[in-house]
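Participant: Here's the letter readout for the chains.
Number of protein chains: 4
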Amino acid sequence: MNSYGQLFRVTLYGESHQPSIGVVIDGLPAGTPIQYELIKEDLERRKPKHIGSTPRLEADVFHITSGVFNDKATGSPIHVYIENKNVISKDYDALKNHPRPGHADFVSKVKYHGFQDHRGGGRFSGRLTAALVVAGSFAKMALPFQIESQLKQIGTLTDMSKIDEYLTDISNQGDSVGGIVEVTVKKMIIGLGEPFFNKLDAELAKLLFSVPAVKGVEFGLGFSGVDIYGSQFNDVILTKDGQTKTNNSGGLSGGISNGNDLVVKIFVKPTSSIKKTQETYNFEQEGVEKLNVGGRHDVAIVRRVSVVLENMIAIGLLDQYLLYQTYRHLEDE
Amino acid sequence: MNSYGQLFRVTLYGESHQPSIGVVIDGLPAGTPIQYELIKEDLERRKPKHIGSTPRLEADVFHITSGVFNDKATGSPIHVYIENKNVISKDYDALKNHPRPGHADFVSKVKYHGFQDHRGGGRFSGRLTAALVVAGSFAKMALPFQIESQLKQIGTLTDMSKIDEYLTDISNQGDSVGGIVEVTVKKMIIGLGEPFFNKLDAELAKLLFSVPAVKGVEFGLGFSGVDIYGSQFNDVILTKDGQTKTNNSGGLSGGISNGNDLVVKIFVKPTSSIKKTQETYNFEQEGVEKLNVGGRHDVAIVRRVSVVLENMIAIGLLDQYLLYQTYRHLEDE
Amino acid sequence: MNSYGQLFRVTLYGESHQPSIGVVIDGLPAGTPIQYELIKEDLERRKPKHIGSTPRLEADVFHITSGVFNDKATGSPIHVYIENKNVISKDYDALKNHPRPGHADFVSKVKYHGFQDHRGGGRFSGRLTAALVVAGSFAKMALPFQIESQLKQIGTLTDMSKIDEYLTDISNQGDSVGGIVEVTVKKMIIGLGEPFFNKLDAELAKLLFSVPAVKGVEFGLGFSGVDIYGSQFNDVILTKDGQTKTNNSGGLSGGISNGNDLVVKIFVKPTSSIKKTQETYNFEQEGVEKLNVGGRHDVAIVRRVSVVLENMIAIGLLDQYLLYQTYRHLEDE
Amino acid sequence: MNSYGQLFRVTLYGESHQPSIGVVIDGLPAGTPIQYELIKEDLERRKPKHIGSTPRLEADVFHITSGVFNDKATGSPIHVYIENKNVISKDYDALKNHPRPGHADFVSKVKYHGFQDHRGGGRFSGRLTAALVVAGSFAKMALPFQIESQLKQIGTLTDMSKIDEYLTDISNQGDSVGGIVEVTVKKMIIGLGEPFFNKLDAELAKLLFSVPAVKGVEFGLGFSGVDIYGSQFNDVILTKDGQTKTNNSGGLSGGISNGNDLVVKIFVKPTSSIKKTQETYNFEQEGVEKLNVGGRHDVAIVRRVSVVLENMIAIGLLDQYLLYQTYRHLEDE
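One line per chain: the protein sequences are A, B, C and D, in this order.
Per the working numbering, the first sequence starts with residue 37, numbered consecutively.
Per the working numbering, the second sequence starts with residue 37, numbered consecutively.
Per the working numbering, the third sequence starts with residue 37, numbered consecutively.
Per the working numbering, the fourth sequence starts with residue 37, numbered consecutively.
Looking at chain A on its own, in the form it has when it is part of the complex:
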């Protein structure tokens, strides 16, 4: 249940306050040059360094312990781990029986019969996305596509030039906001995605919803396409390469990439941990009690999540790209 992919396979492990988190990356073609700088940059982008970010700053030094030889992939599974160093576990002890609203504390306790590592959200912590980012960096090393993202909205703000001012204000209120990120994949090719259950949009949606705090995913126009007619929504094919006049479908036809830019929008909910006093059920007191969440958190996790979303998409794309390679060349023989 902690593995994703058919050909490019990612197996994730780790919990927020355990010694380390890590990932086993399987299926990267032998000979792929390892871009250490890319991994560093991607991890850097995920770090909390903006206004209103959590003060838990991890060094995020990554260690590769198998699958790389002479700076190239060997074809064996690649194992990478990152230590959890900056851990303050006592923050969490009080929350054992007083679950934080918006978090998985309560369901985790029920699901794992009380044996879960509750510290820092355990395996539900956003901390694990650091290992996913690394897996995505490896995926990008073998992909010919170009993945970009843009923060479209944060809370009610759509003019990103005012973001620091806006978040400072919310931080001062002890509150948090969510946001919408748009990821665009350029230089796409035709034919990625496999019907019926491994369509490209279905696989990417699965990966994106795996990221903590994601509550909505839409391709192309998405929900806002409800207002227009089919004659307006349909993307007219203009060239023999499949280029279309509009891209309302977000680069997908029947769940298969159609060669136009892949466009997906993701809604990330407001950070659940806030400074403001909240209420929640207390299982010791057997009643609703006030709660002040300790720990160290972001006022808008959406600001750091872009690279996670991009890299999850990279993971999904490489898995489909390898499948595409399988059948692409058979015809030549």
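Please keep in mind that the hints were generated in silico from the structure rather than gathered at the bench.
Fair warning: there could be bad hints in the mix.
One copy or two, either will do: identical chains are not told apart, so a pair holds if it fits within one copy or between any two.
As a list, the in silico SDA-like pairs of lysine to any residue whose alpha-carbon atoms are at most 20 Å apart [said to hold, decoys possible]:
(1) Lys126 / Arg340
(2) Lys76 / His86
(3) Lys222 / Ala178
(4) Lys132 / Gly67
(5) Lys188 / Ser260
(6) Lys223 / Asp200
(7) Lys312 / Thr282
(8) Lys132 / Thr313
(9) Lys326 / Asn122
(10) Lys145 / Glu218
Given chain A, work out where chains B, C and D should sit, using these hints.
Facilitator: Chains B, C and D alone, transformed into the frame defined by chain A:
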């Protein structure tokens, strides 16, 4: 690539104009009573019978050829097929080199190197959802939850009392519209969904995006939650059973069901096939040409799709429910 | 649990006395020419026509209902079914509470809580191998290798020229025998099989042990290699293509094909159903009682099983061959 | 390709001369007490300490970095790694273009286009079985069965009291021998294994053939059953619990455990690396040349492999046992 599920496994086959479509359903617990009427009713709900529906009316008689004995599941895979009877293949011959906008005709041709069965959209046809509906009916036979749905919006219309009038108007224009369906699952339990990559929302999103024409999926408030603060978004736990004051998260915490109603909204794009003349690239003429799409189609496929969405959710829920059973009882020993 | 394969996927359904058995074949490359005659010949080889074979002779007409268009694979899943026509179910009613020795009657009843279709062995019947043979025929259509087999021993007989005389004698005694089949795959290439858990020998062994009555699998010298030294067992590489002096390892190095002939031997146990009176526990009488097994059976099922074993190997080889294709061409880019 | 299992999932990584080897273990029920001593003992049993064993002695200290909290499984994936400390890589440089007979050197080079880590056999090294042993130890913590093994034959020797003398002799000749191990699982239950493709024997055979040097697997009488009649081979059921008079089928009926002892025999080929001078193709010299294999090796790897085989069986059993749990309790509701 045509199978879904880890414990409850659905394998789909068929193409629009081949002799039949069908599904192999694996993992239904031995002894489950087969509800033939439920299958019939579900198939009936999917049939085109509203104003502006396609005149291709299939009898949709289903045949079970294995896995059922004395009206109960035997524990073996269940095979069900439905014949394609009302097929008019000549409609589609002209479209071979003149792909319909909004359809998978073009990508299918590229992906399968011209060997695809192009008639009626082949395997990309909405026709295959009839077999999925059947698989979902079987899933519901083993589920203790209650699945309902509501059409929230169709085109610009939100007052459903005026739907026939509205669709007649669009049909007269030779055009089509999309819509938004909300599915609600009641009597949920705590603990469905498996981190990291098989969270309940991730699995359901994957299944929902597998349905042709779905372009957006959101849980709870979804995208509209971007406007509010964390203190408002967080659902406050009120009882020891995990009941919450609000349900902004749509019944999910960390991707795991939290016992509150599961609420998901799905955007279905406008039907791609319309009577109106459109333009698209003609691979014979090597230029953009006018196209009149023949065949028989719906003005608003969203109207028939509700039961497909519900039943896809049932498939995903049963797979997770069986996983849940695996670990639920181990503690008792 | 009824599906095999990562890229070439076979999903099997059916029970001995249900309307039909069938198979969904997924992953055959689009454009593969369908060799109908090959399927017919393979099914013919499996038919009981020798001395001492069961008189249940099925026509075994196969029906393809999807995935083939203009005599070529479309890239969609191929569904094939075969009707169960020559069924005499009353033979089996007496066995409900008096399980046949050597059969799965007893475990099936326990495992499926009495809901299994017990007639003719249900899903444990050798009947299902007819559908597997068909799946293997399709696999062979896309494979460049040559698969052959030889009956090496039947009972105590190793001189196959006397087989009819030998089996007539055993048939007259109302008894049965097992045997050893050797399958050889020629024109192999280097590199099939994926460490660690999808090695070629591991995958083939899994498929071979899936065939009813198989109780032993060995590659190359197999168990008889226990008597010799490493210096004798090791196959010396003689050429740059990897040709070896001996082939004690059966064409495998580290579980990966090494380009020499693949050689595997399979032990098939004596047919469980015999005319001779046997004893077994009677769950109604609550004691061991004499049993005369009715039904129609083979004195040496091993004689018909060769094509099943060959075709199971074909299924495993194609799955690995497609995986091999995935990575083979990436280097060229 | 480096993961095994449906519910109990083991993902293996590592290469002989990389910093470490490790395993991600997923699906162990939350709350399972961790038996550290069992892991230590199992690793100890695998260590080279007999006469004629390799002098590469690793400390094999195992490190758990996630999934365990308060000495119990949390329900999250468990990551365990073991460092490769006693590594002498220069031994292997000469073998780059002069592949060792009986090893995967040559196929590995071809398969991974020369990018494999060739040192010490890379991922094909027996070294990786240390991590598998650990995974098996964890499996045993959640299993109610008792797994034992016995060395039945080593080379031509069947009287194990003379083993040291026998192996000293072979060691002095600079040669090696193989052997046959019998594993017995006691206290089995009825119903493990899932037709059609996940039968218990099929899954165990797959796992056993994954172990380096295994070339044959048979259940119960195995190949030696070819000599007897069906009336002798059939195991007569004597009790309502399914106990049989004989156990020729090795505790399996139709690939499903029948409650009697599970009995499997495994042939392990002679160690490929020997001191004796051998011949093999030299890719630099382009001809067959003499080779003296350096490195440090066992005269009879079969002597250390028993715990690996037992633990692989434990892995397979737990996966099937969890599946069995899924359906076992559904009937009670």
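Participant: When Cα atoms must be at most 20 Å apart, do lysine 132 and glycine 67 count as within-copy, between-copy, both, or neither?
Facilitator: Intra 48 Å, inter 17 Å, cutoff 20 Å: inter-copy only.
Participant: Within a copy, between copies, both or neither: where do lysine 76 and histidine 86 come within 20 Å Cα-Cα?
Facilitator: within (18 Å within a copy, 47 Å between copies)
Participant: With identical chains, the pair lysine 126 and arginine 340 could be close in the same copy or across copies; at 20 Å between alpha carbons, which is it: within, between, both, or neither?
Facilitator: neither (25 Å within a copy, 45 Å between copies)
Participant: How do lysine 222 and alanine 178 come out at 20 Å by Cα distance, when the copy is not named: within, between, both, or neither?
Facilitator: Within one copy only: 15 Å inside a chain, 34 Å across chains, cut-off 20 Å.
Participant: For lysine 312 vs threonine 282, is the C-alpha pair at or below 20 Å within one copy, between two copies, both, or neither?
Facilitator: Between. Shortest inter-copy distance 18 Å satisfies the 20 Å Cα cut-off; intra-copy 45 Å does not.
Participant: Which holds for lysine 145 with glutamate 218 at a C-alpha limit of 20 Å: within a copy, between copies, both or neither?
Facilitator: Intra 34 Å, inter 29 Å, cutoff 20 Å: neither.
Participant: With identical chains treated as interchangeable, where does the CA-CA distance between lysine 132 and threonine 313 reach 20 Å or less: within a copy, between copies, both, or neither?
Facilitator: Answer is within; shortest intra-copy Cα gap is 17 Å, inter-copy 63 Å.
Participant: Give the relationship of lysine 326 and asparagine 122 under a CA distance limit of 20 Å: within one copy only, between copies only, both, or neither.
Facilitator: neither (28 Å within a copy, 56 Å between copies)
Participant: Between lysine 188 and serine 260, at a C-alpha cutoff of 20 Å, which is it: within one copy, between copies, both, or neither?
Facilitator: Close inside one copy (15 Å) and across copies (14 Å); limit 20 Å.
Participant: With 20 Å as the alpha-carbon cut-off, assign the pair lysine 223 and aspartate 200 to within, between, both or neither.
Facilitator: neither (33 Å within a copy, 43 Å between copies)
Hint violations for this structure: numbers 1, 6, 9 and 10, all remaining hints satisfied.
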